[in-house]
Amino acid sequence: MGGYKYIGKRIPRIDARAKVDGSLRYPSDLSAEGMIWGRVLRSAHPHARILSIDTAEAERLPGVVAVLTHKDVGGTNRFGIERQDQPVLCEDRVRYVGDAVALVGAETKEIAERALDLIRVEYEPLTLLDDPRAALEPGAVRLHEGGNVVHELHFTRGDAAAGFAAADLVVERTYRTQMMDHAFLECEAGLARLGDDGVLTVECCGQYAFRDVTQIARALDYPPEKIRMIEPYTGGAFGGKDEVTVQIHLALLALKTRRPCKIWLSREEHFISCTHRHPVEIRMKTGVARDGKLVAHEVQALQDGGAYASLTGPVLCLVVEHCCGPYLVPNLRVDGWAVYTNNGMSGAYRGFGATQAHVAMESQMDLLARGLGMDPLGLRARNVIRKGDTFGIGQEMVMAFAVDKTIERAMAHPLWRDRERIRGAAGDGAGAARRWKRRGIGVATCFQGSGLGKGLPDYAATTIELAGDGSVNLFQGTIEIGQGSYTGLAQVAAEILDIPIERITFIGGDTGRTLDSGTTTASRVMYAAGEATLRAARDLVAKMKERAAGPMGAPAESLAAGGGAIVSGDGRRSMSFAEIAALPGGPIRGEGWFHIPAADREFSMGLPHLVFCSNTQIVLVEVDTLTGEVAVLKAVAFPDCGTVINPINVEGQSEGGIVMGIGYALYEENVLEKGRFMNTGLSTYIVPSSWEAPEIETIPVEEPEGTGPFGARSVAEVVTTPTAPAILNAIEDAIGIRFTEMPVTPEKIVAALAGESAYRRGDTEGTEEGH
Amino acid sequence: MREIETVAARTLDEALDVLARRGDGIRVIAGGTDVIVQELERRKEARALLSIGGIGALRSITEDGGRVRIGALVTHREIERSPVIRRRAPLLREAAFIVGSPQIKNLATIGGNIANASPVADSVPALMALEATITLASRRGERRVPVAEFATGPGRTVRRPDELITEVSFDALPPDSVSFYERLGQRRLLSISKVGVAFRARLRDGRFAGVAVALGAVAPTVIMAPRTAAALEGERYSPEVAGRAARAAEEESRAITDLRSTSDYRNRMAGALLVRGLARVMEGRG
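Read top to bottom, the protein sequences are chains U and S. So that you can map any letter, position 666 of the first sequence is 666 in the numbering used here, and since no number is skipped, the others follow by simple counting. Quick note: to get the numbering used here, add 771 to the position in the second sequence (first position is 1).
Just chain S, with the same shape it has in the complex:
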């Protein structure tokens, strides 16, 4: 049992000041659904915590000129219930739905899910398939990083100690788009994903265009699956086409065996979930 100093920031400026002064020695906490567990289990041992949960400016979802912006403190519950997300990025809504329980979704933030850099994070494959960008702010200014380049390994990211994630944004999906997030856990809900597949594409004359596929829980970080996407690009949907892409996804998946599943199963499911998701959005029911 340890005692941890906690500093609460009320504004973004305050938070950035604290990070500028002592970014190396302080850990950011928002909803706390990852941080508290890690600290209790001593997987991480912070000397101090910077609580940013009270920064109102980071709590909104907006759509402006075709760009959807989600503040870092928007919760999974808010994403799940947002009409903008429902219309503009349904796959992200599906990913937010599957996370934890209502209690966890009411606390857990999108910024936290990204910052935690877990390969099993559910929102991240959806954001990567959306080619989303993270905004990092510091006293030195702002910079933007594609979500796909943010995590460098489990729990490791390109965020510098004085930086704070303030926003994630992406282009709204055009009306002729199809998308999904499919995942498997050890039970249907209230479980950590064993494998997750996010997909988005446009349909032009019945053919897939601009396909993006991201795979969760099958590598040290969430990964893009370009060969899988290429197998679908320009094709008309058929179960055979889906099956070919699924085999590419299996090959791009590089899963490990742990307590929750086996590498063989996870690799295969990267393909199986692609089949299931495509059948759902292209055939209805799945």
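Next comes chain U alone, as it looks inside the complex:
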């Protein structure tokens, strides 16, 4: 990218040193003098009536400061991003095993834990609803007053039946995606304290500090102007800290005890209480003409939302919005339902429904290509959305979008071009392993909306202030959850101000100091907060020029920023930022804000989007037919994210996204039996380790978007979505078996090979080359 000093450069994270040397404090590192520990009593049942809660014995335990129940909650006692149906502390009913029934504050963590054992709760178990299909039946037990349907959506375009009648090939499958944990490094944690002035300060993990203020204020009936949330550095989130986790409990304890209070969930408590990636059952029927043009598509999606709404409705919207993949389908019928059950909780998770939709659609595309005898990428190229198209449920592609180019690049990549030869080298082409190892190469493409979508407030704002020494303070309300956005945003400011990154002090995620800049979700930060930061930097430059114009004896329009100074047009006179800061006239502050462009017409909450990113991935897998193990050997990604602000960050997102996708395809699943979580530790909930990470190559396709900073869009979700379907496609390429239920464990592969393990077939047999 031409002539930039900071944009597109491999600039190390501005927070790397403090994270490595340990001086940066994550929420779980916080402590305060006189602090008490909070612990939450979770429900003993997935569905039950609460008959009584007796806290007397727990209160008598020495060292216990408070035992709180719903009776101690002043406000609505409810929270939830989209609708507020989840109790802070349950009154008369529990709907999942993570439901909070009581809250203990004690002098030590150990006393708090002991006190939990002393709280007597009488329950009357109620009929369990653990099957989303049963939730829709007329006689089903109702989990909420309005029934069991959280949200439903139905769209038709064209005439699906006529389309299928005209199709040369129709493929129909039902896909089941599993519940998945975010498995972030830092479990939910924070510290709250109440000042003498009545200001409640909560330092905490999270993804939207300003909304957390609203949620606390509403639930506890405490004035929002007296609540300050500070949550700049969070130890991983991936959507799992978008909903309230410990915030309201921290606030309640601090208000009731007037002591600083800390909560830090154990891994087990995290697993049972947090929101997960929704399990979705998706039936797809897709018709194609002999020439490879998609002609009809029929989709039914049933999404298990768990006990409370959280973001289940909006996630269903994205399942529906992305159910055609990045392809044009003239005739479409889609029906989606999201229901309540007693199966834990689900909510925001990187990909937000688009991931589940693409697992199904990208599998369909491969089946169609196979059926037609077409190149899988060729079939995709024939159908992709281009700028100017009306697609899916009627969205319009009017912004920059380059999914076609990601596919072209993938087709030209050696892993795809030479795939016959690479496949033939299974087991490294020699030795005994050659007899039972099979290689396969698979591809998948995806797209995803940036931002919250139509009808939801979707803005970002940045303030940049000139400091006395000529450095600047950059105030940004979004949160650094490990993605590197603070570094990217600082690069944007550095480019406009023409000062080194080190001259920028970043102040993030603090409702007392930063402006509301929207959520740290939905692939929106680099795009929206980036543009707001660019505008704030320009505003600051304009104001410095105005201030300097008089003393420099030149009109402001003739001045420019350069090298940490305001410089005259002829370059002869200059005034450093520090000199400008010393001029009379008060502080100099630049502000910038940006609204993410939205469609004209709203289809449903947050539908549709207008700004999109995309990504194509190729993966090489090796299946051990003896043991059913699948090794992902190589992955190549072609993210379409606009201008790359920092290649290290894009590669980091891509690599993390791919490994997460490997976990989704092959390893991870929250296993529930009768509403109870069976694997609640990292020894039974298996995430991929560095041994499972393949060689990864990331080749960004830079299609600049005019509304984004220097042409940038975002990348956070499309980096993970294609991986799982690409692996499913590669497994079929390797062993000829199509899996439609994830994770694809060795057990499933060995069972599907049905007695055909290598030695059973007779060991003398050599490798069959290719397919």
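These are computed hints drawn from the structure, not numbers from a lab. Among the hints, a few may not be true.
Here's a subset of chain U near chain S, in silico, CB distances under 7 Å, partners left out [what the hints assert, rightly or not]:
1. L626
2. T684
3. W691
4. E692
Here are the simulated DSBU-like pairs of lysine-lysine, each with C-alpha atoms no more than 30 Å apart in a straight line [as the list claims (entries may be wrong)]:
5. S:K815 to U:K674
6. S:K815 to U:K109
7. U:K543 to U:K9
No residue lacks a Cβ here, since even glycine has one placed at the ideal position from N, Cα and C.
Model the placement of chain S on the given structure of chain U, informed by the hints.
Leaving out everything else, chain S in the frame of chain U:
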């Protein structure tokens, strides 16, 4: 949350004294990688712990007259790095390598892995294939028990309350031996074994002799697989021979279904891992 009394022994004598007095009421802890987890999860609830980690005398690996002796407090990391083990019992080195993480291997002891009597312990199949013997010491004296007879069920052993495992020993493998330990976990490393297969034999004129096969995670204890061994005894290696033995291993395996795997898969893998291991040591690469 409980408080547990802890007694630390500095010498073997001290430890045996404590066990003689209160063996029933005290639980031995060495590296703690099993004990701490079990106590935290309340799968076991000890009233008191006897820490033996400081007994220096139980920390060495020696080879003497063809007999390899490993002190009970030798860690998995030390086994993995020991030149004696590398030369004399390579299958035990492979088993030690696969356990946990470097942090766990630096703490977890061989004595603890045996005492815990888990059917999924990785060192135990290797020791059983080596026909190793455990030394149990008490104030009453010493006795020796074959590793194969030590565990009687998950977490249950023939150790008496006043006894301490002090050593495990076995005959060094002769130079004409082949051996391996193969296992499958839910991921390559940092996972508990779903099934493990240990094998050792000598090669005489290209034929297997003195074959021993032990299977982990497929029964309430680690088990010997005599019919599998018999299928290989006296045979020359070929994939067909390995396949026949593998079917015997599948039949000898009696696995259950749990959160980590299915009985069907585990039983089949007892055979598959035998095939994989034999191919690796007999053909190179596998």
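Could you check the structure against the hints above and give me the numbers of any it violates, in ascending order?
-> none
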